[in-house]
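Asks: Going down the list, the sequences are from chains A and B. Counted from 1, the first sequence has number 150 at position 4 by the numbering used here; the numbering is strictly sequential. Counted from 1, the second sequence has number 228 at position 227 by the numbering used here; the numbering is strictly sequential.
Treat the hints with care, as some may be off.
Straight-line C-alpha distance at most 30 Å; calculated DSSO-like pairs for lysine-lysine [claimed, not checked]:
hint, chain 1, residue 1, chain 2, residue 2
1, A, Lys308, B, Lys257
2, B, Lys4, A, Lys376
3, A, Lys351, A, Lys341
4, A, Lys379, B, Lys301
5, B, Lys309, B, Lys320
6, A, Lys412, B, Lys320
7, B, Lys60, B, Lys4
8, A, Lys407, B, Lys309
9, B, Lys157, A, Lys379
10, A, Lys208, A, Lys407
11, B, Lys157, B, Lys4
12, B, Lys309, A, Lys167
Derived from the structure by calculation, the hints contain no laboratory data.
The residues making up each chain are set out below.
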Amino acid sequence: MHFVVCAKQIPDPETPPSAFKIDESTNTVVPAQGFQPVLSQYDGIAAEAALQIKEALGDEAKITVLSVGAESAQAAIKQVLAMGADEGVLLQDDAFEGGDSHTTAKVLAAAISNLGDVDAIFCGRQAADWDVGQVGLLVAEALGWPAAILAKGVEISDGSMKTTRVMADGFETVSQALPAVVTVSNEFGEPRYPKLQQIMQAAKKTVTTMTHDQLGLDPSEVGSSGARLKLEKLYIPQSDSQVEIIDGETPEEQATNLIAKLVADKVL
Amino acid sequence: MAKNILVIGEHADSEITATTAELIGQSTRLAEGGLVSVALLGSSAADATPQAFEAGAGKVFVNDDDGYTEYNSDQWVTAIESTLESIDVILVAQSTVGRDLAPRLAARQGTAAAMDCVDVRSDNGEIRVTRPCYGGNALADYSFATSPVIATVRAKAFEALPLQSGASGEIVELPAPSESRTTIEGREVAEAEGLAITDAPIVVSGGRGLGGPEGFEDVENLAAAFGSNRAAVGASRAACDLGWYPVSQQVGLTGKVVTPDLYVAIAISGASQHMAGCSGSKMIIAINRDPEANIFQNAKYGIVGDYKAVLPALIEAVKAQS
Numbered sequence: 147m148h149f150v151v152c153a154k155q156i157p158d159p160e161t162p163p164s165a166f167k168i169d170e171s172t173n174t175v176v177p178a179q180g181f182q183p184v185l186s187q188y189d190g191i192a193a194e195a196a197l198q199i200k201e202a203l204g205d206e207a208k209i210t211v212l213s214v215g216a217e218s219a220q221a222a223i224k225q226v227l228a229m230g231a232d233e234g235v236l237l238q239d240d241a242f243e244g245g246d247s248h249t250t251a252k253v254l255a256a257a258i259s260n261l262g263d264v265d266a267i268f269c270g271r272q273a274a275d276w277d278v279g280q281v282g283l284l285v286a287e288a289l290g291w292p293a294a295i296l297a298k299g300v301e302i303s304d305g306s307m308k309t310t311r312v313m314a315d316g317f318e319t320v321s322q323a324l325p326a327v328v329t330v331s332n333e334f335g336e337p338r339y340p341k342l343q344q345i346m347q348a349a350k351k352t353v354t355t356m357t358h359d360q361l362g363l364d365p366s367e368v369g370s371s372g373a374r375l376k377l378e379k380l381y382i383p384q385s386d387s388q389v390e391i392i393d394g395e396t397p398e399e400q401a402t403n404l405i406a407k408l409v410a411d412k413v414l
Numbered sequence: 002m003a004k005n006i007l008v009i010g011e012h013a014d015s016e017i018t019a020t021t022a023e024l025i026g027q028s029t030r031l032a033e034g035g036l037v038s039v040a041l042l043g044s045s046a047a048d049a050t051p052q053a054f055e056a057g058a059g060k061v062f063v064n065d066d067d068g069y070t071e072y073n074s075d076q077w078v079t080a081i082e083s084t085l086e087s088i089d090v091i092l093v094a095q096s097t098v099g100r101d102l103a104p105r106l107a108a109r110q111g112t113a114a115a116m117d118c119v120d121v122r123s124d125n126g127e128i129r130v131t132r133p134c135y136g137g138n139a140l141a142d143y144s145f146a147t148s149p150v151i152a153t154v155r156a157k158a159f160e161a162l163p164l165q166s167g168a169s170g171e172i173v174e175l176p177a178p179s180e181s182r183t184t185i186e187g188r189e190v191a192e193a194e195g196l197a198i199t200d201a202p203i204v205v206s207g208g209r210g211l212g213g214p215e216g217f218e219d220v221e222n223l224a225a226a227f228g229s230n231r232a233a234v235g236a237s238r239a240a241c242d243l244g245w246y247p248v249s250q251q252v253g254l255t256g257k258v259v260t261p262d263l264y265v266a267i268a269i270s271g272a273s274q275h276m277a278g279c280s281g282s283k284m285i286i287a288i289n290r291d292p293e294a295n296i297f298q299n300a301k302y303g304i305v306g307d308y309k310a311v312l313p314a315l316i317e318a319v320k321a322q323s
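Bound conformation, chain A alone (with noise of 0.2 Å):
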């Protein structure tokens, strides 16, 4: 069997709203001060999916890391190395960038036919930058797959994956042929922590990188010349709260002044 597991690196979601800054000469958020770019937190649940599998299988498997994005996307692919994935593929070209859902999709969805054997292919739910949770069903369409999104429970037996996936009001169970995609969402559970040893294996691992050339990609079908979608404006939205602490000596003269500000305030 061969997982790919497709990661993304993004700004620390950690950093605090007061941090949060963004160029508005050109749409993109400016890294934090003392906020390293991280591996997107979905993106360490899905390899997480993958690795138990391979588990369960009796290690019979491997797991391939693609990572579209700049030279810094190697700590990504190195993070879920050191996890245990096997393989790092990073996807770095100046062509691929400014681009969107579409065209990361149709560079991953390139590298996943170079690679030629993949049975399964396990995304994140979202990318927890932009939040759109399109790549895996796009990379699933490119390819012409079955996929399954929003995963807390993957197995995969008898040239079959069963996902039980989160639905609004609860949750679901299908079963499709592989190969196919599945999206992992965060109740599927936390990622492990890498071992000291895991680190500096991966560490010394080499990753390889990629071009659309490699790729046989053709530069106006992907970034910004291929996307779809064009970012107009990015910006900070205006908070006009003003909270007002409520006084009071005890807790009960504090409950006391809410309720009669929620009932001036004709919210009661």
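Fit chain B to the supplied structure of chain A, relying on the hints for placement.
Replies: Relative to the frame of chain A, chain B by itself:
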């Protein structure tokens, strides 16, 4: 410029959902004389059809074959694709259906879907959308290089039109369900009893600061004091991920978006992820031990204190008032 707009509708108990009515309302505003169509699939779709007309639709594509009742990607995509001749804009809720259907439809149609939009507007005839990103820290405006335009839209982003009693229009039967590559093995409903958090006028939510599942007893008691017909209990993602409260009650970017008149956030730090699910509330009250907690930036009123002391007092005060 006139636009023909398709709303991919959802319905339950023979009625279109509130979000479907909101999308029809906004489509009518955007169409500028174009036709607003609604697609309704699954059992009771035919029963919900008159309501789609009353909500403002001019045409309904319908098939109430039970095979469509449980959303199945391949079947729905095929059915919707058969409606798209001369459609310029497709709107669908950011729901279990929309999250899955919109990207697939975009890929098949050679276009793009903008996900989780809070605004869809016409700017000199060109569709622009606004969507939150970076966990709600930022907003992004997009235009489309391709057509048709596809957008999934957050609940309560738009106002529905007043129902026009007795309105009707053209009905077009959609084909029967196609083959699917996905077999649905089973469904499990896991939702707390009582009022749905997306409908409740008051939502009382607990977070990680409760320290354990037992903290939700106080949260539930406060909701009960407001009245079980008015208040529902929510939870932050952290609390749900820790298994303290059912996932169906999760408020936030990865959970549900609630827009009650009153949102009470108890022991919730107020990460952007959470605020994305409750910032549309008319009023937010925060109860938190940490005076620096981000939740206070978003609240109208705040009590700085331990919920264990504050909640019993608040429960008594609510009971005394009602």
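Asks: Look at each hint and say if it fits the structure.
Replies: Comparing the hints with the structure gives:
1. Lys308/A <-> Lys257/B: holds (25 Å)
2. Lys4/B <-> Lys376/A: holds (20 Å)
3. Lys351/A <-> Lys341/A: holds (16 Å)
4. Lys379/A <-> Lys301/B: It holds: about 29 Å lies between the C-alpha atoms, which stays within 30 Å.
5. Lys309/B <-> Lys320/B: holds (17 Å)
6. Lys412/A <-> Lys320/B: holds (16 Å)
7. Lys60/B <-> Lys4/B: holds (14 Å)
8. Lys407/A <-> Lys309/B: Distance ~22 Å between Lys407/A and Lys309/B Cα, so the pair holds.
9. Lys157/B <-> Lys379/A: holds (23 Å)
10. Lys208/A <-> Lys407/A: violated (61 Å)
11. Lys157/B <-> Lys4/B: Between Lys157/B and Lys4/B the Cα gap is close to 23 Å, so the pair holds against 30 Å.
12. Lys309/B <-> Lys167/A: violated (36 Å)
This entry does not satisfy hints 10, 12, going by the numbered hints stated previously.
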